[in-house]
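Trainee: The chain contents come next:
Number of protein chains: 4
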Amino acid sequence: MTRTVVYQVRVEFGDCDPARIVWFPNFFRWIDAASRHFFVECGVPPWHETEQALGVIGTPLVDTHAKFVKTASYGDLLRIHTSVAEWRGKSFIQRHRVMREDTLVMECDEVRIFAGRRADGSIFALEVPGAIRDACR
Amino acid sequence: MTRTVVYQVRVEFGDCDPARIVWFPNFFRWIDAASRHFFVECGVPPWHETEQALGVIGTPLVDTHAKFVKTASYGDLLRIHTSVAEWRGKSFIQRHRVMREDTLVMECDEVRIFAGRRADGSIFALEVPGAIRDACR
Amino acid sequence: MTRTVVYQVRVEFGDCDPARIVWFPNFFRWIDAASRHFFVECGVPPWHETEQALGVIGTPLVDTHAKFVKTASYGDLLRIHTSVAEWRGKSFIQRHRVMREDTLVMECDEVRIFAGRRADGSIFALEVPGAIRDACR
Amino acid sequence: MTRTVVYQVRVEFGDCDPARIVWFPNFFRWIDAASRHFFVECGVPPWHETEQALGVIGTPLVDTHAKFVKTASYGDLLRIHTSVAEWRGKSFIQRHRVMREDTLVMECDEVRIFAGRRADGSIFALEVPGAIRDACR
Numbered sequence: 001m002t003r004t005v006v007y008q009v010r011v012e013f014g015d016c017d018p019a020r021i022v023w024f025p026n027f028f029r030w031i032d033a034a035s036r037h038f039f040v041e042c043g044v045p046p047w048h049e050t051e052q053a054l055g056v057i058g059t060p061l062v063d064t065h066a067k068f069v070k071t072a073s074y075g076d077l078l079r080i081h082t083s084v085a086e087w088r089g090k091s092f093i094q095r096h097r098v099m100r101e102d103t104l105v106m107e108c109d110e111v112r113i114f115a116g117r118r119a120d121g122s123i124f125a126l127e128v129p130g131a132i133r134d135a136c137r
Numbered sequence: 001m002t003r004t005v006v007y008q009v010r011v012e013f014g015d016c017d018p019a020r021i022v023w024f025p026n027f028f029r030w031i032d033a034a035s036r037h038f039f040v041e042c043g044v045p046p047w048h049e050t051e052q053a054l055g056v057i058g059t060p061l062v063d064t065h066a067k068f069v070k071t072a073s074y075g076d077l078l079r080i081h082t083s084v085a086e087w088r089g090k091s092f093i094q095r096h097r098v099m100r101e102d103t104l105v106m107e108c109d110e111v112r113i114f115a116g117r118r119a120d121g122s123i124f125a126l127e128v129p130g131a132i133r134d135a136c137r
Numbered sequence: 001m002t003r004t005v006v007y008q009v010r011v012e013f014g015d016c017d018p019a020r021i022v023w024f025p026n027f028f029r030w031i032d033a034a035s036r037h038f039f040v041e042c043g044v045p046p047w048h049e050t051e052q053a054l055g056v057i058g059t060p061l062v063d064t065h066a067k068f069v070k071t072a073s074y075g076d077l078l079r080i081h082t083s084v085a086e087w088r089g090k091s092f093i094q095r096h097r098v099m100r101e102d103t104l105v106m107e108c109d110e111v112r113i114f115a116g117r118r119a120d121g122s123i124f125a126l127e128v129p130g131a132i133r134d135a136c137r
Numbered sequence: 001m002t003r004t005v006v007y008q009v010r011v012e013f014g015d016c017d018p019a020r021i022v023w024f025p026n027f028f029r030w031i032d033a034a035s036r037h038f039f040v041e042c043g044v045p046p047w048h049e050t051e052q053a054l055g056v057i058g059t060p061l062v063d064t065h066a067k068f069v070k071t072a073s074y075g076d077l078l079r080i081h082t083s084v085a086e087w088r089g090k091s092f093i094q095r096h097r098v099m100r101e102d103t104l105v106m107e108c109d110e111v112r113i114f115a116g117r118r119a120d121g122s123i124f125a126l127e128v129p130g131a132i133r134d135a136c137r
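Residue numbers (this note's numbering), protein chains in the order written: chain A, 1 to 137; chain B, 1 to 137; chain C, 1 to 137; chain D, 1 to 137.
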């Protein structure tokens with residue numbers, strides 16, 4: 001049993017390109033919001049707070065694989081169903097299914113890490129914090 | 001031997017997020033530009049012209065798989081190396097490697113189609129036009 | 001008495017820049033959505049339908065003047081209060097007030113036109129259609 | 001005599017909306033880049049360095065007034081001519097003229113401040129640093 005959180009998006013005129021369909025980078029914009037929304041709904045504080053408590057500055061993306069199944073256009077209401085498909089030691093797979101009513105529009109599996117920051121400004125993968133993992137069950 | 005075209009990007013302040021690294025949907029914005037730039041450099045006309053000549057309204061994305069290898073931040077100059085890795089009957093794989101000097105920052109394999117539009121407004125995959133394929137050699 | 005329509009926005013992580021505040025072009029993204037949302041709420045059809053019925057392809061911006069009063073950041077819920085402050089012969093002034101609860105965050109007066117398209121592809125200002133003006137009262 | 005710096009932009013397919021013209025928030029994206037580019041060309045360091053040396057975290061916008069004179073579309077090459085029209089005690093007016101060859105496409109006057117950050121995270125206007133003002137002559 002995995003927890004699923006839904007994030008809702010209205011497609012706007014400006015999200016569409018001259019072919020009158022959603023310009024695809026906007027799907028990733030929404031999926032990134034859905035990714036963070038998942039943690040917010042699970043009770044995880046904003047990243048500038050977790051930075052102090054856990055050293056976590058965010059969950060940058062390592063790998064993403066997306067399939068675009070149907071087009072969408074302005075006026076559409078999309079619902080992104082987000083869950084964690086797998087927890088690993090230093091990363092996790094977050095799965096997003098973008099639905100328009102019962103129609104699958106796009107789906108995406110992301111590998112993300114919980115990132116810390118070194119003194120030189122570079123970032124690195126932390127062990128998945130148990131407190132966050134527990135919050136997401 | 002495949003043709004490779006380079007598209008250059010300056011990373012701007014507004015492309016970065018509160019973690020001070022490029023917010024990842026912007027990579028897809030640049031890759032989409034690199035994809036079209038590839039065809040422009042190969043001599044393919046803009047899509048509103050190909051629409052009349054070939055029925056092609058653009059090259060929408062069907063599937064994309066990206067790996068984020070290094071972070072980038074504002075002030076960075078990125079060079080996206082784009083080629084067609086494979087031509088299929090009704091689709092093609094376009095490969096993009098985002099470099100900062102000799103460092104690989106991100107790489108991405110896309111499956112794209114040449115799209116036509118039906119009378120009802122929906123889009124569909126055309127056979128890869130021979131004229132475009134020849135232009136890209 | 002002018003009609004006011006409210007458009008709601010959640011500020012996302014990716015809307016913010018390295019200073020951790022909303023990167024200002026995103027305000028214009030939301031205001032453009034609020035502008036169209038105003039017409040939708042007043043019962044005006046989508047632009048690809050008005051194109052056939054009235055020759056209107058959209059309401060492009062001619063002039064905008066915005067004041068940024070307070071910063072906003074991710075997690076904020078913004079409500080954009082939109083009204084038409086003035087109807088002119090071939091243009092109108094749309095006013096947007098972006099609020100976070102009782103706090104004014106940003107305000108913006110836009111001059112927009114109802115645009116038609118000429119045979120050569122260029123656009124021009126139509127007389128404000130009476131049917132649309134009446135719908136917005 | 002005021003110094004003018006030019007920032008060059010290629011308009012991309014994804015910058016355009018279903019009316020096939022640049023979606024206007026993208027002009028502000030480019031103008032923000034031109035604003036920072038102006039300081040970079042004048043020798044001012046990136047904001048994360050000025051934060052330590054001068055307490056300056058960036059130049060947020062207080063007020064902007066833009067006129068949209070001509071439309072632009074993908075394939076266009078735009079050149080943004082940026083200068084400081086006026087220095088004030090705690091703000092300055094930056095002027096941007098977006099040109100396509102000899103045609104004025106858009107112009108914009110911005111009021112910006114040099115921002116510092118208080119301990120509570122809020123930002124405020126600093127006196128215009130003399131070192132930066134001198135660098136921009």
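These aren't lab readings, by the way, just hints derived from the structure by calculation. One thing to keep in mind: the hints can contain errors.
Identical copies look the same in the list; a pair holds intra-copy or inter-copy alike.
[Claimed, not checked] List time: in silico SDA-like cross-link candidates among lysine to any residue, alpha-carbon distance up to 25 Å:
#1 67 with 92
#2 90 with 111
#3 67 with 120
#4 90 with 79
#5 70 with 46
Trainee: Give a verdict on every hint.
Mentor: Hint check results:
1. 67 with 92: Result: close both inside a copy and across copies, 19 Å intra and 15 Å inter.
2. 90 with 111: The answer is within: 10 Å in one copy meets 25 Å, while 29 Å across copies does not.
3. 67 with 120: Cα proximity of residue 67 and residue 120: across copies only (23 Å, versus 37 Å in one copy).
4. 90 with 79: For residue 90 and residue 79, the Cα distance exceeds 25 Å both inside one copy (29 Å) and across copies (30 Å).
5. 70 with 46: Between copies only: 20 Å across, 33 Å inside.
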